[in-house]
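Participant: One letter stands for each residue in the lines below.
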Amino acid sequence: NAGVTQTPKFQVLKTGQSMTLQCAQDMNHEYMSWYRQDPGMGLRLIHYSVGAGITDQGEVPNGYNVSRSTTEDFPLRLLSAAPSQTSVYFCASSILAGGTYEQYFGPGTRLTVT
Amino acid sequence: GENVEQHPSTLSVQEGDSAVIKCTYSDSASNYFPWYKQELGKRPQLIIDIRSNVGEKKDQRIAVTLNKTAKHFSLHITETQPEDSAVYFCAASNNNAGNMLTFGGGTRLMVKP
Chain A
148 NAGVTQTPKF
158 QVLKTGQSMT
168 LQCAQDMNHE
178 YMSWYRQDPG
188 MGLRLIHYSV
198 GAGITDQGEV
208 PNGYNVSRST
218 TEDFPLRLLS
228 AAPSQTSVYF
238 CASSILAGGT
248 YEQYFGPGTR
258 LTVT
Chain R
564 GENVEQHPST
574 LSVQEGDSAV
584 IKCTYSDSAS
594 NYFPWYKQEL
604 GKRPQLIIDI
614 RSNVGEKKDQ
624 RIAVTLNKTA
634 KHFSLHITET
644 QPEDSAVYFC
654 AASNNNAGNM
664 LTFGGGTRLM
674 VKP
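Residue numbers (the numbering used here), protein chains in the order written: chain A, 148 to 261; chain R, 564 to 676.
Just so you know, these hints were derived from the structure itself, not from any lab. Check before you lean on any hint, since a few could be wrong.
Computed, partial: chain A to chain R, Cβ under 10 Å [what the hints assert, rightly or not]: (1) P155; (2) M174; (3) Y178; (4) S180; (5) Q184; (6) L192; (7) Y195; (8) V197; (9) A199; (10) D203; (11) Y211; (12) R215; (13) A239; (14) E249; (15) F252; (16) L258.
Backbone N, C-alpha and C fix where the C-beta goes; we use that ideal spot for every residue, glycine too.
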């Protein structure tokens, strides 16, 4: 049971390039989310999913796309990278357990856009 | 949308003292309030959470209180230890899955031995 995994750990992009951040979980969680964390700040919700085939926008969705074709995977696509997207990206999944929603975060992807 | 404010932004205490971090939220529909601890370069880790039908919850040295009327909630850490040093984030959510979280700005807690 690997929990929530993210790849890559680090990435440097040039402005205008596109890429996909991968997120996978092996806990059969229905709910998954993507957050970004800028230096010295809290996390902000980009997109989320309540199950395979269902996604919706969070607080800061512009410039990002997601899809959820399986329960396990929830990739985040940057369409045309901009310096403002330099951040640490965390994927999370959650499940109801014992009356509490336990949310697990992945290790993060540190993205730099030059 | 929801807005969560967190205070103080930094907090320094002596080992063994108590630490209190406070958060306010704006959306009266919010019903789930978790607290996360994040060590440098690591992922956030859930340390305690509370739902809107409960006023207080305790887990060993950590407790959280919720005042729905005033729309604020607080984290209390007693008998602080150096390993409690980290950044703490509060968050709020108005969906049952707790996966649509709005985070506060964080509090850097430093516990001096």
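Participant: So, for every hint listed, does it hold in this structure?
Facilitator: Outcome of the hint check:
no., hint, result
1, P155, "violated, 15 Å"
2, M174, "violated, 13 Å"
3, Y178, "holds, 4 Å"
4, S180, "holds, 5 Å"
5, Q184, "holds, 8 Å"
6, L192, "holds, 6 Å"
7, Y195, "holds, 6 Å"
8, V197, "holds, 7 Å"
9, A199, "violated, 15 Å"
10, D203, "holds, 9 Å"
11, Y211, "violated, 16 Å"
12, R215, "violated, 12 Å"
13, A239, "holds, 7 Å"
14, E249, "holds, 6 Å"
15, F252, "holds, 4 Å"
16, L258, "violated, 15 Å"
Checked against the numbered hints listed earlier, the structure breaks hints 1, 2, 9, 11, 12, 16; every other hint is satisfied.
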